[in-house]
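Visitor: Listed below are the residues making up each chain.
2 protein chains.
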Amino acid sequence: MTFLIVTVAWAAHIRLFQVIERIDDTLALLNLACMMLITFLPYTFTLMATFPEHILGILLFCACVMVIGLIQALIVLYGFSRPFLLSEQIQISENQSYYKRHILKVIMRVPVMCLIATIFSFIFFQLSYALLAIVIFLPYISQSVKWIRNKAIGQQWEESPESVLFYTYHPNEPLSKERVEAFSDGVYAIVATLIILDICEDNVPDPNTVKQQFNDSLITALQQYGPEYLAYFGSFVTVGLLWFVHHSLFLHVTKTTRLMGLLNTFSLACVGGLPLAYQLTHEFPPNSRNELEAIQISCVIIFFAGIFQLAIWVTALFLERETLHPYVRYGGRDHAFMLAKLGLYPCVALGTYFLTCALSRFSAPIFHLMQITVPFAFLVLRLLVQVVVALVRMLFCPARPRPAASALLVEEDGEEEARVPFNDVIT
Amino acid sequence: MTFLIVTVAWAAHIRLFQVIERIDDTLALLNLACMMLITFLPYTFTLMATFPEHILGILLFCACVMVIGLIQALIVLYGFSRPFLLSEQIQISENQSYYKRHILKVIMRVPVMCLIATIFSFIFFQLSYALLAIVIFLPYISQSVKWIRNKAIGQQWEESPESVLFYTYHPNEPLSKERVEAFSDGVYAIVATLIILDICEDNVPDPNTVKQQFNDSLITALQQYGPEYLAYFGSFVTVGLLWFVHHSLFLHVTKTTRLMGLLNTFSLACVGGLPLAYQLTHEFPPNSRNELEAIQISCVIIFFAGIFQLAIWVTALFLERETLHPYVRYGGRDHAFMLAKLGLYPCVALGTYFLTCALSRFSAPIFHLMQITVPFAFLVLRLLVQVVVALVRMLFCPARPRPAASALLVEEDGEEEARVPFNDVIT
Chain A
1 MTFLIVTVAW AAHIRLFQVI ERIDDTLALL NLACMMLITF LPYTFTLMAT
51 FPEHILGILL FCACVMVIGL IQALIVLYGF SRPFLLSEQI QISENQSYYK
101 RHILKVIMRV PVMCLIATIF SFIFFQLSYA LLAIVIFLPY ISQSVKWIRN
151 KAIGQQWEES PESVLFYTYH PNEPLSKERV EAFSDGVYAI VATLIILDIC
201 EDNVPDPNTV KQQFNDSLIT ALQQYGPEYL AYFGSFVTVG LLWFVHHSLF
251 LHVTKTTRLM GLLNTFSLAC VGGLPLAYQL THEFPPNSRN ELEAIQISCV
301 IIFFAGIFQL AIWVTALFLE RETLHPYVRY GGRDHAFMLA KLGLYPCVAL
351 GTYFLTCALS RFSAPIFHLM QITVPFAFLV LRLLVQVVVA LVRMLFCPAR
401 PRPAASALLV EEDGEEEARV PFNDVIT
Chain G
1 MTFLIVTVAW AAHIRLFQVI ERIDDTLALL NLACMMLITF LPYTFTLMAT
51 FPEHILGILL FCACVMVIGL IQALIVLYGF SRPFLLSEQI QISENQSYYK
101 RHILKVIMRV PVMCLIATIF SFIFFQLSYA LLAIVIFLPY ISQSVKWIRN
151 KAIGQQWEES PESVLFYTYH PNEPLSKERV EAFSDGVYAI VATLIILDIC
201 EDNVPDPNTV KQQFNDSLIT ALQQYGPEYL AYFGSFVTVG LLWFVHHSLF
251 LHVTKTTRLM GLLNTFSLAC VGGLPLAYQL THEFPPNSRN ELEAIQISCV
301 IIFFAGIFQL AIWVTALFLE RETLHPYVRY GGRDHAFMLA KLGLYPCVAL
351 GTYFLTCALS RFSAPIFHLM QITVPFAFLV LRLLVQVVVA LVRMLFCPAR
401 PRPAASALLV EEDGEEEARV PFNDVIT
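Just so you know, the protein sequences line up as chains A and G, in that order. Residue numbers for the first sequence follow our numbering, so the first one is 1 and each next one is one higher. Residue numbers for the second sequence follow our numbering, so the first one is 1 and each next one is one higher.
I should point out that these hints are in silico values taken from the structure, not numbers from a laboratory. Careful: at least some of the hints might be erroneous.
[Said to hold, decoys possible] Heads up, incomplete: computed chain G residues facing chain A, CB under 8 Å, no partners named:
| id | residue |
| --- | --- |
| 1 | Met36 |
| 2 | Phe51 |
| 3 | His54 |
| 4 | Leu56 |
| 5 | Ala192 |
| 6 | Phe236 |
| 7 | Leu369 |
| 8 | Ile372 |
| 9 | Pro375 |
| 10 | Ala377 |
Backbone N, C-alpha and C fix where the C-beta goes; we use that ideal spot for every residue, glycine too.
The task is simple: from the sequences and hints, build the whole structure.
Guide: Written as structure tokens, this is what we have:
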């Protein structure tokens, strides 16, 4: 819940600064005030989780969100009072006051929901939690309601065409690609750093213990932590390679939509669970039932982190002309390679899961072996894909290798833009 | 030491990827391997600090650094074997193999030093620590030695002109401005987030304590933490505003040099000390000697964080034509304003320090009042600066207000580029 609420706040922040493209000192300070309140949110969640029967946590949370909403409204008002700060599309538009009202209306929805939640918390506080859950899915709910209404009464209720650009909650609404990348890179970097914090805290033996139990031999004392170092390297490699896949994918994404952003959030939420999974995998005695379960939980987390990345690409394929580089579109030069990259982790995680079910005695070695061999799989992946594609082509069209090749050639001719060298496009 | 060594590794990373501008999958994976070893460094430091008499910590550290150096050398070799990955300046140069040897030589210096430190650690391990300290200041030492030699024997030992661009360790060698900004933003963001972690960990009362001691009243239980919330908000505001000053400064910086990067590192090291200072300020009983000292330590940290930021600007002023936007150069339109922005925190910290010395009974209220009023000072700073500049002009040249204004006008006419609207230049 916390992760989702923070990402909702982050998405609101992106949308706000897609409208307001330049900032001055006042906006920078207002934004800092917003950030301060957002860093305070985890504390209110801790209070809620520790004291579920007290309404103080929920009241503090709602107060924070309401103040954040008010500051965002202030930012919008300030931005519209100095139009040179706005995005050019709005600067040249004649409907500035319409935009202003529309954006303020959208922004104020969340604080209003929180105000209602505050009031309900005095009467029947369980309802407040439900209302807060609605806040997260509000855009998707309101979009579905709109869609159903449109289908029911027909296309009569058409939105103003200009408003479609900002704050629409349409799944294909663009989301700043740079900021999605920066956010994801930040999450991956912090997760990778969190793993080492655990080691620094738990795996440094006490000097007295070393003297008394291990005859002052530090190496012997550290040897007991062997499996934990292995788990550390394995986890880091997994986080690093999931980032690598993410990076490869977003190198070929040319536009990010809201739906892709949501799937990315789900993938990141799974990645955020990896430090916990890492802690679990070495916390229990070897070959215990708990250890097996911890390893299987890790496999499930890795599987979903990978599957959601794959889902981003699949979603992008539906609008591939807008959202993807020609190379990874359907039939593009690197289509199969991208599929293999995105599919590797889900497949490996699934395979490891079933292997540990079958050979539960060897679950830890299997899991660690998997984590350490995957990087090599990535290194030879391009080669593997070429071999597999050649095999598939031989198996399914063995009689006409030439026609297939020429068909491919024709296709490539048709897709002229696919011939632009990749580096040129990227740079 | 840890912070400095990590920033040295980061600076090496920047320099490496100023030469290699594009990456492919192999380089991305090699870089991930580097990152993994770098996240392992804090653990080796913890071992060194906990077991100063054991050489295992230092051996592990040296092993990590040597492997990192080897991987960086691999990256260079791989990059030069595929020249389209290199920066354009090197791609078109005829001296590629000279560059390659020069860069490899510079990169391998650190692992070689570590190898020597490893060998010495078996004989006389204190010397190893000294060698590692030299690694940090190696560029500055080698630069000074070169400078002294040049002065002593005359200008006979001239470097190849082409090599000046990369890996020179000259204080004016450019450092990628984007990466300095990204690194600084990351440090500020993590510091700001660390502060709330302390609150989430320490300031959530135990449910049983609340039931027994506070009659099940959560608000009463939380009231005892009042000063800590104040300290939290104060610390966040301080970190946020130091970021704000940093952001304002780098908005007007057009090129970053190595020396500016070093000063920035010192400033960030002070900022990194703020969460500790925050913890200290509320750990001791009110009005105790310890509390007073904790508050004075905080003032000193804030003072140095601000002074090093000011030093960045002063350093930039020496090469202002290259490194600064005309507005903040000497005599530029916002010169006085930038000075006020950069000077505010050092002055306030110094003032608070002396006030707490004089009125030690009220040290905590004075400190918190300072932290909370500074944002308002920033809001009215531009106005204040205008008033002060007008006053100074009235006091020192009261008889000739016109000539002074016209002199300014002439100067502005001469500095034609200063008239370009700021937003145009920035965008």
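Visitor: Honestly, which of those hints from before does the structure not fit?
Guide: 7, 8, 10
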